[in-house]
Amino acid sequence: MRRYILRRLLQGLVLLVLVATIVFFLGRLTGNPVDLMLPEDATQEDRQALIETLGLDGPLHQQFGLFVANALRGDLGQSIRYRQPAVEVFFSRLPNTLMIVPGAMILAVILGVPLGILSALYRGSFIDRVSGTIAVLGIATPHFWLGILLIYIFSVQLDWLPTSRMGDYRHFVLPTVTLSTFLLAGFMRLIRSSMLEILDSEFVKLARIKGLSETIVVWKHCLRNALIPMLTLWGVFMGGLVTGAIVTETVFAWPGIGRLTYEAVIFRDFPLLQAAIIMDAVLIVFINLIVDILYAYVDPRIRLAE
Amino acid sequence: MKDLPWTPLVIIVTMLFVAVFAPILAPHSPIDQTLADKLIPPFWEEGGTTKYLLGTDVFGRDVLSRLLYGARVSMIVSALALLVGGGVGLVIGIVSGYVGGRLDNLLMRIVDAALAFPAILFALLLAVTMGQGLRTIVIAISLLLWARFARVVRGEVLAVKQRDFIALARVHGCSPARIMVIHILPNVMNTFMVLLTLYVGVVIVTEASLSFLGAGVPPPTPSWGLMAAEGRGKISSAWWLSLPPGIAITLVVLAFNLFGDWLRDRLDPKLRQL
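Protein sequence lines, in the order shown, are assigned to chains A and U.
Counting in this note's numbering, the first sequence runs from 805 upward without gaps.
Counting in this note's numbering, the second sequence runs from 524 upward without gaps.
Each hint should be verified, as a subset may be incorrect.
Said to hold, decoys possible - Derived coverage of chain A by chain U (criterion: at least 3 residues anywhere in the stretch with Cβ under 8 Å from a Cβ of chain U; other residues may be distant):
hint: 1; stretch: 815-821
hint: 2; stretch: 839-851
hint: 3; stretch: 1057-1068
hint: 4; stretch: 1081-1089
To be verified - A short list of chain A residues far from chain U (calculated; beta carbon distances all over 12 Å):
hint: 5; residue: Glu856
hint: 6; residue: Gly907
hint: 7; residue: Ile914
hint: 8; residue: Asp932
hint: 9; residue: Leu1003
hint: 10; residue: Asp1004
hint: 11; residue: Asp1073
Everything labelled a hint here was simulated from the structure, so no lab data went into it.
Just so you know, even glycine gets a beta-carbon here, dropped at the ideal spot from N, CA and C.
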C-alpha cells in the first residue's frame, strides 16, 4: 500500500516537473521574456527590475533554479492585465469554477451510470441504441458549439434561461449542463463496457447459480465492480474537466479559472497563463493522488498486489 | 462494396471536394468585407437574399463562402497534425515496443505524463509564446496525438515481436533498425491507418475548439471554430453565424468516426476497445 502511494506520488511529481520545465522554456526561449511578462507601456525601470528579480542576465540553469524557488514560494509572476500576483488572481476565481463542477459531475453520474447499466443489461435494445447515439454525437459535437446551441434553444428561442454571466440559480443551469457533457459520454461508455465484462464473469455466474435475485446480482455484485474503472480513469476525466471548464466558462462568460485562462490567452498575459497552467497541474496531481488512495482503499486487489 | 459505409463516405468525399475546390465553389471572397451588406440573414428568412444564401456576418462576409473555405483549414490542419503527431507516435511506439527494457519504461512514463495533462493547456501556451498560426496549431495538436499513437502502436509491436519470423530475422543477422522497418512496420500499418482515420475527428474538433478560444489560426482566416466564436455574441440576433459551422463540424466528424469504426472492424478488430 505504501509503495503504491509513493509510486503514484512520484508520478505526480514527474508530471509537475515536466509541466514546469516546459512552461519555463517556452517562456524564455521563444522570444524576449521581458516583453512576454511586462505590459507594453512598461518603463525602463520596470524592465530592469524584472531582469533582476528573474535573473534574466544570468545563465539559463540559474534562471530555472530561481523560477523553481519562486514557484515553490507561490510566486509565479505578476499578471499583466490585473497588475497583481497571478496566483492570487487564480485563487480569487477558483471558487466560481468550483460552483459548477460538483453539479456537472453529479449530473454526469446520474445520467451516465444508469444509462450505461441499462444499455449493458439490455444490449442491442432501444435504450442501448439511444445511449449509443448520445455517445457518438457527444464525441462528434464540439462542446463549445453545444453550449452555443443550448443558449440558442433555451435562452433565445424559449427565453427560459439567461444567456451568460453569473446570477441567480437560473444562471447555473446551462453552464452545468454543458460542463457535464465533457464527462457524460465517457462515463456511459465506460460503465457499459465494464458492466458487459462483469456480467460475463465467473462470480456473477456463481451468484446466479446460487439463486440470488437478479436485482442483487446487478446492483450489488456487478455495479460495485463496474464502478472501479471510473476511478482508474479518473485522471482522464480530470483532464476533461479542466478542458471543459475553459470551454464552458468561455461560452457562458462565467468568471472562473477556465475563463481566466481564456482571458490570459486573448490578452497575451503570459504570467497569468503560466500561473493558471501550473496551478491546474498542481490541482490535477493533487486530486488524482486522492483518487488513487481511495482506489486502493476500495479495491483490495490494488492494496494487496504490492 | 455492399457493406461500405456509404453515407459517411459521401460526406467525407464532399468535404474533400469542397476543400480542394473552395475557390471555384465559393460565390464570394471569404475575407473581403462588404460593410454595407452586414448581418443579412439566410435567403429563406425575412430580409434575406439569394446573393448570400446563408447570410453574411458582422463584416458583411458571405457565411457560405467562409464555410466552404473552412473545410480547407480543417483538412490542412488534420493532414499536417496527423502526419507529424501520428508519425512521431508511430516511430516512438515501434522503438519503445521493440527495444523494450529501460528505454521502453522511460518512454511510457513520458507517455503517461502526456496523457495525464490536458493538451489544450499546452496549445494555449504555445499560442501565447510562439504566436498564433498554422505552425503553432499543428505542433499543439501533434503534442496531443503522439502519446495516444505511441501507446497503441507499442502494444501492437509487443505482440508482433513474439512471432517466429522476427526471431528468424534476428537469427539471420538483421540489424534492429532493419527489423523495425522491414518486419515490424508493415505489421502495424493496419493499426496505424485505423488510428489515423479515427483521430481525424479529434483533430477537427480540437482545431475548432482552439480557434474558438483564440488560439487557432488567426482571423480573418475562415476556420469553423473561429466562425462560431465570432457568432457567439450575436446568437440572439443572428443565429446563422454560429450554428452552420457547428453543424458542419458535427457532420464531418461523425462521418470520419463512423468510417473509422468500419475500417477498424475490417482491418483490426482487436482495437475494439479503443
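Taking a Cβ-Cβ distance under 8 Å as contact, does the stretch 815-821 of chain A have three or more residues in contact with chain U? It holds, with 3 qualifying residues against the three required.
With a cut-off of 8 Å between beta carbons, are at least three residues of the stretch 1057-1068 of chain A near chain U? Answer holds; 3 residues pass the 8 Å Cβ test.
Non-interface claim for Asp932 (chain A), where every Cβ of chain U lies beyond 12 Å: Answer for Asp932 (chain A): holds, closest chain U Cβ roughly 16 Å.
Minimum Cβ distance from Asp1004 (chain A) to chain U greater than 12 Å, as the annotation requires: holds (15 Å)
Exclusion check [Leu1003 (chain A) not at the chain U interface, CB over 12 Å]: Leu1003 (chain A) clear of chain U: closest Cβ-Cβ about 16 Å, beyond 12 Å.
Within the stretch 839-851 of chain A, is the number of residues with a Cβ closer than 8 Å to a Cβ of chain U three or more? violated (count 1)
Say whether it holds or is violated: Glu856 (chain A) keeps its Cβ farther than 12 Å from all Cβ of chain U. holds (22 Å)
Ile914 (chain A) clear of chain U by more than 12 Å, beta carbon to beta carbon? holds (25 Å)
Regarding the assertion that Gly907 (chain A) does not contact chain U, is the least Cβ-Cβ distance greater than 12 Å? With a cut-off of 12 Å, Gly907 (chain A) remains clear of chain U, as the shortest Cβ separation is near 21 Å.
Asp1073 (chain A) clear of chain U by more than 12 Å, beta carbon to beta carbon? Given a closest Cβ separation of 8 Å, the condition is violated.
Given coverage of the stretch 1081-1089 of chain A by chain U, tested with a Cβ cutoff of 8 Å and a minimum of 3 residues: holds (count 4)
Hint compliance for this structure: hints 2 and 11 are broken, all remaining hints hold.
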